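Q: As a plain string of letters, each chain reads:
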Amino acid sequence: MDKLRKYWWLIGLLLALGVAVLSPLASPHPDGLERVAEDEGFLNQAQDAPYQIIPDYSFPGIENEALATVVAGLVGTAFLFGLGYALAWLLRRRSERATGSPQHGTDAP
Amino acid sequence: MHIPDGFISTGTAAATWLASAGSVGYAVRRVNRELSEKQIPLMGVTAAFVFAAQMMNFTVAGGTSGHLLGGALVAILLGPWAGMLVLTSVLAVQALIFQDGGLLALGANVFNMAVVGVLVGWGVYTTLRRLLADRTWAMMVSGFVAAWLSVFVASLVAAAELAISGTSPWLVALPAMGLVHVLIGIGEGLITVGVLALLQVARPDLLALRQPSNV
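Protein sequence lines, in the order shown, are assigned to chains Y and W.
Each number in this note's numbering comes from the position in the first sequence (counting from 1) with 25 added on.
Each number in this note's numbering comes from the position in the second sequence (counting from 1) with 3 added on.
For reference, chain Y alone in the conformation it holds in the complex (with noise of 0.2 Å):
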């Protein structure tokens, strides 16, 4: 139990990775945004992208559609985890450097 408490957050990413899994069976409609634009005649407005990474949630080089919004989406998911935590972990460092001591040096119970 204490492990599981230790590792709340590996669970936390486990879920999201999951999540990502389960994303080729999202809804294949358009969004509020894109089907107001549909209906209201702007949406050949909309400009394609100067570049493309992964374009479409849809990882480029893989022919399986589904394969590839998975593996589209375990990427991004991977990612944003590693980018909220280092943003978490600078910001933290740059206010301990700031007041020369750790503010919140151990967790209120």
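Read the hints as simulated data drawn from the structure, not as lab findings.
Here the structure is a predicted model, which is why all the values come from computation and not from measurement.
Ideal Cβ placement from N, Cα and C applies to all residues, glycine included.
Since no wrong hints were added, every one of them can be taken at face value.
Which residues of chain W face chain Y? A partial, calculated answer using Cβ under 10 Å:
1) Pro7
2) Val31
3) Val34
4) Leu45
5) Thr62
Residues of chain W placed beyond 12 Å of chain Y at every Cβ, according to the derived structure:
6) Gly25
7) Ser26
8) Ala136
9) Asp137
10) Met143
11) Val148
12) Val196
Given the structure of chain Y, go ahead and fit chain W onto it with the hints provided.
A: Showing chain W alone in chain Y's frame:
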């Protein structure tokens, strides 16, 4: 609700970029003083979950779908400033790597979802928590209403940007965007409450980190 390039004018794009940059800069300064050690992995997990959940479109009605925006959820879990930074990270990665949402329109998308969505979600949640009893049901009701309103208000702001840009008339854009997001907001509310309920059972201490009384 990710606006692609071409839907909003250069002026609207510039104004929303400035507003978003200012808000995110302020959030960086505020969050510096507020981050606890537990929030470091929580920020990572929240960013990962919001990204994954935003891929999970759900059908609302008549061939239209929506997905979680997460403004209220990140605000409840992390507070408004860290929440704003998490949602901004998600939107930036979606625009830069996944070509979801325009680059010029990134300022507008951050403004609508990460600034307006998070602040509305946070304001509604903290207000309702103060008004209602300190009970689990009150947390769920507050979370649902905050999530629903954050999506609804964000959609109206997006509609205003379209109208100001001359893309769609005010009297068309506002009701059209508002109506469809009345429905999408219900999905937002249900997912938000689902995550809160899961955390309340598994890790109530994480929710206690950001009780309104601790702000």
